[in-house]
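**Student:** Residues per chain, in single letters:
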Amino acid sequence: MSGLEVRNLHVRVAGKKVLRGVDLKVEYGEVHAIMGPNGSGKSSLAYTIMGRETFEVEDGDILLDGESLLGLSTEERAMKGLFMALQDPPQIPGVRLSTIMIAAINKRLGSTDLTRVRDPSIVKRMYKLAEELGLTRDILQRELNVGFSGGEKKRSELLQAFIVDPKIVILDEPDSGLDIDGVRKVSEMIRGLTDQGKGVLLITHYARMFKYLDPDRVSVLIDGKIALSGGPEVAKLVEDKGYAYIRSQYMARRG
Amino acid sequence: MAEEAVKLREDILKGADSPEILGWLEKPYKAEIELKGKISRSLIEEISKIKKEPDWMRRLRLRSLELFNKLPMPRWIIGIEEIDLEALAHYVKPEGVERARDWDEIPKEIRKYYERLGLPELEARILSGLVAVYESETIYAKMKEYLQRKGVIVLPLEEAVQKYPDLVKKYFLKIFPPSDHKFAALHGALWSGGTFIYVPPGVKVREPIESFFLIGRQGEGQFEHSLIVADEGAYVHWIEGCSAPRFLGYSFHNGMVEAYAHKNATVKITTIQNWSRNVINFNNKRGIAEEGARLDWVEGSIGSRMTYVYPSTILKGDYSSSRSAVVTVSKGPYIKDSGSKIVHVGAHTRSKIINKSISAEGGVNVYRGIVRIVRGAKYANAHVECDSLILDSKSKAHTFPHNQVDEPTAMVSHEAKTGRLSEQQLFYMTSRGLSEDEAKSLIVLGFLDEIMVELPVEYANVLHKVVQLEFSELGAVG
Ligand SMILES: Nc1ncnc2c1ncn2[C@@H]1O[C@H](COP(=O)(O)OP(=O)(O)OP(=O)(O)O)[C@@H](O)[C@H]1O
Ligand SMILES: [Mg+2]
Numbered sequence: 000m001s002g003l004e005v006r007n008l009h010v011r012v013a014g015k016k017v018l019r020g021v022d023l024k025v026e027y028g029e030v031h032a033i034m035g036p037n038g039s040g041k042s043s044l045a046y047t048i049m050g051r052e053t054f055e056v057e058d059g060d061i062l063l064d065g066e067s068l069l070g071l072s073t074e075e076r077a078m079k080g081l082f083m084a085l086q087d088p089p090q091i092p093g094v095r096l097s098t099i100m101i102a103a104i105n106k107r108l109g110s111t112d113l114t115r116v117r118d119p120s121i122v123k124r125m126y127k128l129a130e131e132l133g134l135t136r137d138i139l140q141r142e143l144n145v146g147f148s149g150g151e152k153k154r155s156e157l158l159q160a161f162i163v164d165p166k167i168v169i170l171d172e173p174d175s176g177l178d179i180d181g182v183r184k185v186s187e188m189i190r191g192l193t194d195q196g197k198g199v200l201l202i203t204h205y206a207r208m209f210k211y212l213d214p215d216r217v218s219v220l221i222d223g224k225i226a227l228s229g230g231p232e233v234a235k236l237v238e239d240k241g242y243a244y245i246r247s248q249y250m251a252r253r254g
Numbered sequence: 000m001a002e003e004a005v006k007l008r009e010d011i012l013k014g015a016d017s018p019e020i021l022g023w024l025e026k027p028y029k030a031e032i033e034l035k036g037k038i039s040r041s042l043i044e045e046i047s048k049i050k051k052e053p054d055w056m057r058r059l060r061l062r063s064l065e066l067f068n069k070l071p072m073p074r075w076i077i078g079i080e081e082i083d084l085e086a087l088a089h090y091v092k093p094e095g096v097e098r099a100r101d102w103d104e105i106p107k108e109i110r111k112y113y114e115r116l117g118l119p120e121l122e123a124r125i126l127s128g129l130v131a132v133y134e135s136e137t138i139y140a141k142m143k144e145y146l147q148r149k150g151v152i153v154l155p156l157e158e159a160v161q162k163y164p165d166l167v168k169k170y171f172l173k174i175f176p177p178s179d180h181k182f183a184a185l186h187g188a189l190w191s192g193g194t195f196i197y198v199p200p201g202v203k204v205r206e207p208i209e210s211f212f213l214i215g216r217q218g219e220g221q222f223e224h225s226l227i228v229a230d231e232g233a234y235v236h237w238i239e240g241c242s243a244p245r246f247l248g249y250s251f252h253n254g255m256v257e258a259y260a261h262k263n264a265t266v267k268i269t270t271i272q273n274w275s276r277n278v279i280n281f282n283n284k285r286g287i288a289e290e291g292a293r294l295d296w297v298e299g300s301i302g303s304r305m306t307y308v309y310p311s312t313i314l315k316g317d318y319s320s321s322r323s324a325v326v327t328v329s330k331g332p333y334i335k336d337s338g339s340k341i342v343h344v345g346a347h348t349r350s351k352i353i354n355k356s357i358s359a360e361g362g363v364n365v366y367r368g369i370v371r372i373v374r375g376a377k378y379a380n381a382h383v384e385c386d387s388l389i390l391d392s393k394s395k396a397h398t399f400p401h402n403q404v405d406e407p408t409a410m411v412s413h414e415a416k417t418g419r420l421s422e423q424q425l426f427y428m429t430s431r432g433l434s435e436d437e438a439k440s441l442i443v444l445g446f447l448d449e450i451m452v453e454l455p456v457e458y459a460n461v462l463h464k465v466v467q468l469e470f471s472e473l474g475a476v477g
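Protein sequence lines correspond, in order, to chains A and B. Reminder that position 13 of the first sequence reads as 12 in numbering that gives the first Met the number 0, one-by-one numbering, no gaps. Reminder that position 227 of the second sequence reads as 226 in numbering that gives the first Met the number 0, one-by-one numbering, no gaps.
Hints are not guaranteed to be accurate.
[What the hints assert, rightly or not] Which chain A residues face chain B? A few, computed with CB under 10 Å, are given here:
| id | residue |
| --- | --- |
| 1 | 52 |
| 2 | 53 |
| 3 | 72 |
| 4 | 75 |
| 5 | 76 |
| 6 | 77 |
| 7 | 83 |
| 8 | 92 |
| 9 | 93 |
| 10 | 103 |
| 11 | 106 |
| 12 | 142 |
| 13 | 163 |
| 14 | 165 |
[Stated by the list, open to error] When the alpha-carbon atoms are kept at most 30 Å apart in a straight line, the in silico DSS-like pairs for lysine-lysine are as follows:
| id | chain 1 | residue 1 | chain 2 | residue 2 |
| --- | --- | --- | --- | --- |
| 15 | A | 235 | A | 224 |
| 16 | B | 351 | B | 395 |
| 17 | B | 464 | A | 106 |
| 18 | B | 340 | B | 395 |
| 19 | B | 315 | B | 377 |
| 20 | A | 79 | B | 464 |
| 21 | B | 48 | A | 123 |
| 22 | B | 315 | B | 168 |
| 23 | A | 15 | B | 393 |
| 24 | B | 181 | B | 340 |
| 25 | B | 262 | B | 149 |
| 26 | B | 351 | B | 173 |
| 27 | B | 340 | B | 351 |
| 28 | A | 106 | B | 393 |
| 29 | B | 48 | B | 162 |
Hints listed in this document are in silico derivations from the structure and should not be mistaken for laboratory results. This structure is a prediction, so every number in the text was calculated from the model and none was measured. Yeah, the Cβ is synthetic: ideal placement off N, Cα and C, and Gly gets one too.
If we strip away everything but chain A, and leave its shape as in the complex, we get (with noise of 0.2 Å):
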């Protein structure tokens, strides 16, 4: 299969078992949105396609393009097209938005000089994307996250996702926080993403994102499982009946 696809994924954190048999599937050109209440797995699932280390898979796979993921660290899943967006990034003190751009961008073009801009191009994209996603130019001189505020952190995560230009992006509650049309643009430039034949994970808490970019998919995940799949139609389901509703439906399911 192209595209990412998680197989009965198991996944311990802490001790603590947070994913308990998760199948998902996010095809290129799609929006795969992911619901579910606080606490139900849904930045650990992100955590664990990315491969962070203290996420420990116990069962199952991760697959992109057929192909496994496991044994790979984070930035070669990164490498291999892989982006998260985070849903409350940390500060880097020190390091300037566009340097970890710069960064990012030379890497993947293979410079070992990673600080040095070696496409005088890339720059003028920085500006044109910070200024489509509401942010002043200034903030890519900045200290990555430091004193940002809450909408410019979710905005900067997103133009990164922009400017590393992956095949897979996962956005953790990219639209908390934001504005009314800060929710707007975003979910504009999502479909923006797909539109250039990107596969999108999106984690969200609402379904005010999906009258602006309309999801292929929408799944629930509660208590680390996958309660429901489907259409949009699950999103409205959740928002009329509420989880406890979708809980109590997928339990006498499974008998």
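Go by the hints and put chain B with the ligands onto chain A.
**Tutor:** Relative to the frame of chain A, chain B with the ligands by itself:
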């Protein structure tokens, strides 16, 4: 050619574990004279005789020896007890080498070190003068001609003792008296090789003057002495660099820098220390600033097994100022013990201390700075900034700042930050496609940004590259 020179410097500096370019020491260059054993009166007399010193210098050495025997081993030093002073060669004169003014006059076995370091090219391109010290002797000293016409002096210290005794006598061991501590006394007794720089009133030496120290054998003590004097309104920037090839045993470096900035003069001192991992590096650095003068230190301490370095300034005159920026990198099981010391004596004196340490792979950094404001230093102002970056859980940084303020109108402020690289930060950076080491090198470079801008471009580039390579290759070479 020039590109190549900088490249070579990068190469040498990059091998912080042990300067790769100099490689393993195959065979030390032959010594014409080597003095070893007990540090006795007769040994000191012998050194003084070899150097054909005037009597005042001989007596100064002997007085230092007495102090050395009397003074207790400093308690605050850790790790130095493994040095067996009796086993070291205290004076090593390379065979057939007199002070040269042309690289061609230097035996090729020694010249190759400096060539690999790219020094002759750097000299031609960006330096006002260059002094090279090998083992215990200054083997090369030269400056641009126009400076000579302006009365600037750049000489091996021994030569200055002969030619300008009154000038040397005025400052030598007066700024840093041998009575200060045991190792200062030892230095006073055994000093050999080094640099004398004098800039006459009003003369501004635009391009830096560099001294480069090499230790070419194990079991050696190097005791070079640098004396930098800027007369009224003068300006000089002196750069010192050090390196050594790898050898099996250790060597001991116990150098001294004395600086004097007369009224309204500026002295800038930049050190890039990259000894190989066999060198125990002890430094004695002190300067005095007269009225309106400025004395700045930049210290980048990367190599060595252990380093003890405390650039110190006495702000003697009113309105004098000092800025001291020290960067120490301890990567691996090594220790850097550092800290700037400033004494405010004059009124309206200002100082700023910036200390940045990076600890990785079990490295330890210790900061031990002192700000002293004596009574009468009215409206003195001191600011201290200590930043420690710790890259993993095995590594450590300790900060022991000390302020002693006896003047009520003075202001002292202090900021300390310790950043430990977290798993989350590392994950974040690697999720952008960087390796852990690349991530670390970016973080380290960012951490050092504010110091990099202080250095001449060539040296900033070198340091930049060094850091990038240093951390990019963590574990890659092993
Ligand atoms: N490093 C960790 N140590 C201990 N527990 C953890 C760790 N990371 C996650 N957990 C726990 O795992 C569970 C799932 O967390 P996760 O962050 O994946 O939830 P989420 O679905 O993303 O929630 P939210 O909607 O609030 O972002 C939670 O109970 C959380 O406390
Ligand atoms: Mg989450």
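**Student:** Against the structure, test the hints numbered earlier, and report the numbers of the ones violated in rising order.
**Tutor:** Hint 21 contradicted; others consistent.
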